[in-house]
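Got chain A; can you put chain B on it based on the hints?
Residue strings, one per chain:
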Amino acid sequence: MSLELLIQNALLVFLFVLCLIAIELKDLLYSVIVLAGASITLAVIFFMLQAPDIAITQAAVGAGVMTVLFVIAISRTRRQE
Amino acid sequence: MAGMTVIVRTIARLLFPFTFLFGAYIVLHGHLTPGGGFPGGVIIAASVVMLFLAYGIERAQKRVGFLHAEVLESVGGLAIVVLGLFGILLGITFLQNVFPLGTLGQLFSAGNLPLLYLGVGTKVAAGLILIFYAMLFAFRGGEE
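In order, the protein sequence lines correspond to chains A and B.
Per numbering that gives the first Met the number 0, the first sequence runs over residues 0 to 80.
Per numbering that gives the first Met the number 0, the second sequence runs over residues 0 to 143.
The shape of chain A in the complex, shown without the other chains (with noise of 0.2 Å):
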């Protein structure tokens, strides 16, 4: 197994690991913020994977304005589960 194929493995895993993170905090702030993480991790998964032009849509729209809907959303409802 080749070291590119190793580290794109090794992100995916991490992928999993955060989407998991994501589903069982109870506090949504949180959980919004662990999303983001795990956008950027697939932003770099398509970069890897040859992609440049999803890679920055999915960094801009997945980090940025998903992320500021989510915190304007989670203040005008209630903060924990």
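Just so you know, these hints were derived from the structure itself, not from any lab.
All figures in this text were calculated on a predicted structure; none of them were measured in a lab.
Here a beta-carbon is modelled for each residue, glycine too, at the ideal position from N, C-alpha and C.
A hint or two may mislead.
[Claimed, not checked] Derived coverage of chain B by chain A (criterion: at least 3 residues anywhere in the stretch with Cβ under 8 Å from a Cβ of chain A; other residues may be distant): (1) 3-9; (2) 78-84; (3) 129-136.
[Claimed, not checked] Using C-beta positions, here's what the derived DEER-type ranges look like: (4) B:L89 <-> A:Y29: 53 to 59 Å; (5) A:D26 <-> B:H28: 38 to 44 Å; (6) B:G64 <-> A:L5: 51 to 57 Å; (7) A:A9 <-> B:E69: 45 to 51 Å; (8) A:A50 <-> B:R8: 44 to 50 Å; (9) B:F93 <-> A:I20: 46 to 52 Å; (10) B:A133 <-> A:Y29: 23 to 29 Å; (11) B:L106 <-> A:I53: 22 to 28 Å; (12) B:R12 <-> A:L5: 20 to 26 Å; (13) B:T4 <-> A:F15: 32 to 38 Å; (14) B:L66 <-> A:F46: 36 to 42 Å; (15) B:V7 <-> A:E23: 24 to 30 Å; (16) A:I73 <-> B:R8: 19 to 25 Å; (17) A:I73 <-> B:I10: 20 to 26 Å.
Structure of chain B alone, referenced to chain A:
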């Protein structure tokens, strides 16, 4: 939504020009490098929304109001439609290229693609700011 502490305000104020410049770079180089109208518009909208969250919605609304964003979004959509109609009038189909192509790799090349990306970037940036406003005001209306 009130503003945040002085640390967040200073960081947002210092970071805003660079983020805005990066978004404008991605929009303007959409036909040469990865990216294009949609990611660049999203980055521009994210930079403006970051400033809104740091300084509070009341101060931000005086600078970039609801009407400004609505007019900018309509101008972006109108630019796309007018470029498409140029293609129908002078060419064959909708969005047919009617401008000179230029040489590959230069900034002013590729016909009507840079103008199209400018329209898409303007529309996406103004539309995301409008979504931000709409969420704030919709939830505020529900509380009262």
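Each hint, compared with the structure:
1. 3-9: violated (count 0)
2. 78-84: Violated - the stretch 78-84 of chain B has 0 residues with a Cβ nearer than 8 Å to chain A, which falls short of three.
3. 129-136: holds (count 4)
4. B:L89 <-> A:Y29: 53 to 59 Å: holds, 56 Å
5. A:D26 <-> B:H28: 38 to 44 Å: holds, 40 Å
6. B:G64 <-> A:L5: 51 to 57 Å: At 52 Å between Cβs, range holds.
7. A:A9 <-> B:E69: 45 to 51 Å: holds, 46 Å
8. A:A50 <-> B:R8: 44 to 50 Å: violated, 37 Å
9. B:F93 <-> A:I20: 46 to 52 Å: For I20 of chain A against F93 of chain B, whose Cβ atoms are near 47 Å apart, the range 46 to 52 Å holds.
10. B:A133 <-> A:Y29: 23 to 29 Å: holds, 26 Å
11. B:L106 <-> A:I53: 22 to 28 Å: holds, 24 Å
12. B:R12 <-> A:L5: 20 to 26 Å: At roughly 42 Å between Cβ atoms, L5 of chain A and R12 of chain B fall outside 20 to 26 Å, so the hint is violated.
13. B:T4 <-> A:F15: 32 to 38 Å: holds, 35 Å
14. B:L66 <-> A:F46: 36 to 42 Å: Since the Cβ atoms of L66 of chain B and F46 of chain A sit about 39 Å apart, the hinted range of 36 to 42 Å holds.
15. B:V7 <-> A:E23: 24 to 30 Å: holds, 29 Å
16. A:I73 <-> B:R8: 19 to 25 Å: holds, 21 Å
17. A:I73 <-> B:I10: 20 to 26 Å: holds, 22 Å
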